[in-house]
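J.: Sequence:
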Amino acid sequence: MNQDSPTTRAPDPDSDSDQHQYAHRYTGALAQQIEARWQDWWDEHHTFETPNPSGPLADAERLGDRPKLFVLDMFPYPSGTGLHVGHPLGFIGTDVYSRFQRMAGYNVLYSMGFDAFGLPAEQFAVQTGQHPAITTAENVVNMRRQLRRIGLSHDPRRSIETTDPAYYRWTQWIFSQIFNAWYDTDTQRARPVADLVAQFEAESRPTPDGRPWSDLSSNERVRIIDGYRLVYISEAPVNWCPGLGTVVANEEVTADGRSDRGNFPVFKRNMRQWMMRITAYADRLIDDLDLLDWTDSIKAMQRNWIGRSEGARVRFASPAGPITVFTTRPDTLFGASFMVLAPEHPLVDTLTTPEQRQAVADYRRTASAKSDVARQVVDKTKTGVFTGSTATNPVNGEQIPVWVADYVLMGYGTGAIMAVPCGDERDFEFARQFGLQIPAIQQPPPAWFDGHSIGPSLDTRHWPQAFVGDAPYVNSTNGQLDLNGITNVAAATHQTNDWLVAHGQGEPTINYKLRDWLFSRQRYWGEPFPIVYDEHGNPHTLPDALLPLELPPTDDFAPRTFDPDDAQSNPESPLDRLDWWVDVELDLGDGPKRYRRDTNVMPQWAGSCWYELRYLDPTNEACFVDRDVEQYWMGPQGDGHPGGVDLYVGGVEHAVLHLLYARFWHKVLHDLGYVSSIEPYHRLFNQGYILAAAFKDEREIYVDAFGVEERDGQFFYEGTAVSREWGKMGKSLKNAVSPDEIYDAYGADTLRLYEMAMGPLDASRPWETRDVIGMYRFLQRVWRNLVDEESGTVRSDLPALDDATNRALHRTIDGVRRDMGDLKFNTAIAKLIELNNHLTKLGGCPRDIAEQMALMLSPLTPHIAEELWQLLGHTDSITYEPFPQADAALLIDDTILVPVQVDGKVRSRITVTADADDDAVRQAALADPKVIIALGNSSPRKVIVVPGRLVNIVT
RNA sequence: GCCCGAGUGGCGGAAUGGCAGACGCGACGGACUCAAAAUCCGUUGUCCGAAAGGGCGUGUGGGUUCGAAUCCCACCUCGGGCACCA
Numbered sequence: 001m002n003q004d005s006p007t008t009r010a011p012d013p014d015s016d017s018d019q020h021q022y023a024h025r026y027t028g029a030l031a032q033q034i035e036a037r038w039q040d041w042w043d044e045h046h047t048f049e050t051p052n053p054s055g056p057l058a059d060a061e062r063l064g065d066r067p068k069l070f071v072l073d074m075f076p077y078p079s080g081t082g083l084h085v086g087h088p089l090g091f092i093g094t095d096v097y098s099r100f101q102r103m104a105g106y107n108v109l110y111s112m113g114f115d116a117f118g119l120p121a122e123q124f125a126v127q128t129g130q131h132p133a134i135t136t137a138e139n140v141v142n143m144r145r146q147l148r149r150i151g152l153s154h155d156p157r158r159s160i161e162t163t164d165p166a167y168y169r170w171t172q173w174i175f176s177q178i179f180n181a182w183y184d185t186d187t188q189r190a191r192p193v194a195d196l197v198a199q200f201e202a203e204s205r206p207t208p209d210g211r212p213w214s215d216l217s218s219n220e221r222v223r224i225i226d227g228y229r230l231v232y233i234s235e236a237p238v239n240w241c242p243g244l245g246t247v248v249a250n251e252e253v254t255a256d257g258r259s260d261r262g263n264f265p266v267f268k269r270n271m272r273q274w275m276m277r278i279t280a281y282a283d284r285l286i287d288d289l290d291l292l293d294w295t296d297s298i299k300a301m302q303r304n305w306i307g308r309s310e311g312a313r314v315r316f317a318s319p320a321g322p323i324t325v326f327t328t329r330p331d332t333l334f335g336a337s338f339m340v341l342a343p344e345h346p347l348v349d350t351l352t353t354p355e356q357r358q359a360v361a362d363y364r365r366t367a368s369a370k371s372d373v374a375r376q377v378v379d380k381t382k383t384g385v386f387t388g389s390t391a392t393n394p395v396n397g398e399q400i401p402v403w404v405a406d407y408v409l410m411g412y413g414t415g416a417i418m419a420v421p422c423g424d425e426r427d428f429e430f431a432r433q434f435g436l437q438i439p440a441i442q443q444p445p446p447a448w449f450d451g452h453s454i455g456p457s458l459d460t461r462h463w464p465q466a467f468v469g470d471a472p473y474v475n476s477t478n479g480q481l482d483l484n485g486i487t488n489v490a491a492a493t494h495q496t497n498d499w500l501v502a503h504g505q506g507e508p509t510i511n512y513k514l515r516d517w518l519f520s521r522q523r524y525w526g527e528p529f530p531i532v533y534d535e536h537g538n539p540h541t542l543p544d545a546l547l548p549l550e551l552p553p554t555d556d557f558a559p560r561t562f563d564p565d566d567a568q569s570n571p572e573s574p575l576d577r578l579d580w581w582v583d584v585e586l587d588l589g590d591g592p593k594r595y596r597r598d599t600n601v602m603p604q605w606a607g608s609c610w611y612e613l614r615y616l617d618p619t620n621e622a623c624f625v626d627r628d629v630e631q632y633w634m635g636p637q638g639d640g641h642p643g644g645v646d647l648y649v650g651g652v653e654h655a656v657l658h659l660l661y662a663r664f665w666h667k668v669l670h671d672l673g674y675v676s677s678i679e680p681y682h683r684l685f686n687q688g689y690i691l692a693a694a695f696k697d698e699r700e701i702y703v704d705a706f707g708v709e710e711r712d713g714q715f716f717y718e719g720t721a722v723s724r725e726w727g728k729m730g731k732s733l734k735n736a737v738s739p740d741e742i743y744d745a746y747g748a749d750t751l752r753l754y755e756m757a758m759g760p761l762d763a764s765r766p767w768e769t770r771d772v773i774g775m776y777r778f779l780q781r782v783w784r785n786l787v788d789e790e791s792g793t794v795r796s797d798l799p800a801l802d803d804a805t806n807r808a809l810h811r812t813i814d815g816v817r818r819d820m821g822d823l824k825f826n827t828a829i830a831k832l833i834e835l836n837n838h839l840t841k842l843g844g845c846p847r848d849i850a851e852q853m854a855l856m857l858s859p860l861t862p863h864i865a866e867e868l869w870q871l872l873g874h875t876d877s878i879t880y881e882p883f884p885q886a887d888a889a890l891l892i893d894d895t896i897l898v899p900v901q902v903d904g905k906v907r908s909r910i911t912v913t914a915d916a917d918d919d920a921v922r923q924a925a926l927a928d929p930k931v932i933i934a935l936g937n938s939s940p941r942k943v944i945v946v947p948g949r950l951v952n953i954v955t
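Read left to right, the first sequence gives residues 1 to 955 (this note's numbering).
Since the hints were made in silico from the structure, they are not lab data.
No experiment lies behind these values; they were computed from the predicted model shown.
Watch out, some of these pointers could steer you wrong.
To be verified - Computed cross-link-like contacts, DSS-like style, restricted to lysine-lysine with a CA-CA straight-line distance of at most 25 Å: (1) Lys696 - Lys734; (2) Lys299 - Lys824; (3) Lys299 - Lys728; (4) Lys68 - Lys824; (5) Lys930 - Lys905; (6) Lys513 - Lys268.
From just these sequences and the hints, can you work out the full model?
T.: Following this line, the structure appears as structure tokens:
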């Protein structure tokens, strides 16, 4: 009977008195000693400080002529609960890679900062009652300590915290640049607002109402300019989250209409809020994905989120004036037999006839009472109401009824559609529901009818659903436009678009799902807006000299939150309460005046939109990053290369949040000439998560995973059966393993090795504490193969290097070098273990190859590698030693063992010389006794020789 | 429903057109020990067989190929994203 605990605490492998006998055995205690010593040594010797080519961090001697490499982690939130072993997975990966590339000759920039503003830190502060500045500072200190213990090779001089006024001064400055920019659709880039003003003044750009610029009042001019800015205030439907007391961005609302943070209900409400014009960049954000080395899934998520669809706007004449619709299928216009407007559509009132007024009003009331969540309910039944009016189909002049239904959304397209029931499943359902006409305009292929077990017919009363696809058009001509007989959608679309444009009835257009970025938050713990309002209520950015605008200290920092379901509540900024701060007298360049400060703070994504740029030049007081320094680290490398970070590692959860926002900011900075790269992150690698078993009792409550016992495949907690599931490690699932207990038992090098050996870096994998010991044993063997466990010095009885061992070494070097460069640390480790197992059989590590062993290990397990390096007589760090190179001559063996297949099944193996020609190999294979037996009476028809790989005899 | 990804021993995984299961855990056997731990040596996909050896085997079914875990088609299952988006 198996009494094993499935989720075990780390055992103490050195429980015995054995340690007294071997004072220098590689135990957890010794490992910790070695690790602490080397971590101090690295600090004292500034080992990981990386030189810039110019500026205060320049160091020509250290820089030499090494090429650059910028390796970046998604920086963490300094949460109050500390690290568990799942957190550092990506950090260890980037550290191994950075250390390897340093040894491969690169000047590697590798640092770490803290994303310390935002809801998590603030919620923690609210819970504990301590000011977020205090808790954040404490958490950062704690996290730095925990990360240091892993032995990460960060340049400490480049570390930043987003909450540091010296940092957010530049976050505010960048905000001001974006505020003072507009998107020039002619040149497809952002430009300073001053250029726009100049265009108006020169009258090369007409004013919205055509009046000369010089005739406008200064207030009118301000309003026009503000309408162009990349940051603007708008009164629009936003996501109001009473439970958090703030509005949040679309990207922060989950699919089921709740807040990403805190999981509170979110309501759509019209509010006056700050927006960033990310939609201006929609095309570039999609198109430039092609330049990036990202996974297909993240690219797909961004494309999907931006949601570009090409189609046409078409105008239908109606008693209330033209109704404009957006459609992706203008080719189906002849099949448009009714129209549907969203309940909120502004023309509904005018279109509704007196007889229908009551019905429409009732329907609209019901629709508005439904939240977004309720509208999405899987209730597939279509609802709707007739307005009483008709509109004119522009291609055939038919009068078609106009309906109102909530399956049409005001927030997408124009909030109105032309319904083509024969070619659109939703329209088909709606038409069936309300008995509307379904004219056929395409002749579906016979297979389609067969598939639905009906005879081919254009009588749609027999059709079970709409037909979508390429098929010959029918009933689609008006004399000028004739689609009949065309067999594909693209051609028909093209002709229809031409006709629409020629007759002024519509035009091709592109529609996006992406909305502008709601940028203001009614919370405390964030960057204050560097904005003040004048007596007319017009916003102005603070001059650079007044930055940073520091977050005012207050004990009254808790945001005003509400009953999470109280949709009618209104946001109240904590900063609003600080009258002394809000009402100020300032000189913005035209003498001292009274102003009111904006009391919003920025969303938590603001600081992470540009942090990698500050790592480059952290001490620069004159600008956020020096242009030459940015060019060196992030500049494009050749034609078609967008520039950016060489390797960015982080979780997939930021696919449409941080990764979209940061690309947007970076592109604005590029347009305004501040950075040479057009993308911030050239290569993105998504590390997996460390999963751990979690156990629920029958009440669906998680129980302490470490108290669960397994008996015959069943799980029990305090005697009662519990069910197992796998989830991200964490406090809420009561299954978090602290790195401290792994350090105590085995040391940080073993933890690093285990996390890297568990599987490929991009796969999620379950944590198994009992598996960790395998990597510990490996390091122990490495140590023992070289070090005398009694004296702690290099063994005097090491075996001599033989040819087989030397060849094994070079094969290992060759494979490990390749794997490390490909981020395949798990197989690199396997190869090192194989070599070490060979050395163990040999009786130790020959002195001649000891250095190479230490060098190959050092990216993975830097502390033990430094220690071995020192024992081998070196006085400097192993960090910048060149990684071993395989001797090509030793990779080729004199003779090779070649498997011989008969009809695809391996029947024997033959030894041939490496340079044997195909014919010799063929003869040797056919002469092999086992092959002769396997062939029996049958004679070979064909013999395939794959040089160096195998022989296959076909009978 | 649409899009992306993944299915290989008891477990984590390796092999991306050429010897399936590298490496690690666990399990089993042995050496050492009074004993245990640790360590070292060996076995470990499965079925038949005393053995030699052989059959079967990478979610399922088909296909391409001398040869398929790997490529193609269809399906199943799981994970992730989007979703009444016109």
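J.: Evaluate each hint against the coordinates.
T.: Structure-based check of all given hints:
Between the alpha carbons of lysine 696 and lysine 734 the distance comes to roughly 10 Å, so the proposed pair stays at or under 25 Å and holds. Of the supplied pair hints, the one linking lysine 299 and lysine 824 holds, its CA atoms being roughly 23 Å apart against a limit of 25 Å. Restraint check: the Cα-Cα separation between lysine 299 and lysine 728 comes to about 24 Å, which is no more than 25 Å; the hinted pair holds. Restraint check: the Cα-Cα separation between lysine 68 and lysine 824 comes to about 21 Å, which is no more than 25 Å; the hinted pair holds.
Pair hint lysine 930 plus lysine 905 holds up; C-alpha atoms about 12 Å apart against a cutoff of 25 Å. Between lysine 513 and lysine 268 the alpha-carbon distance is near 16 Å, which keeps this suggested pair within the 25 Å criterion.
In this structure, every one of the numbered hints holds.
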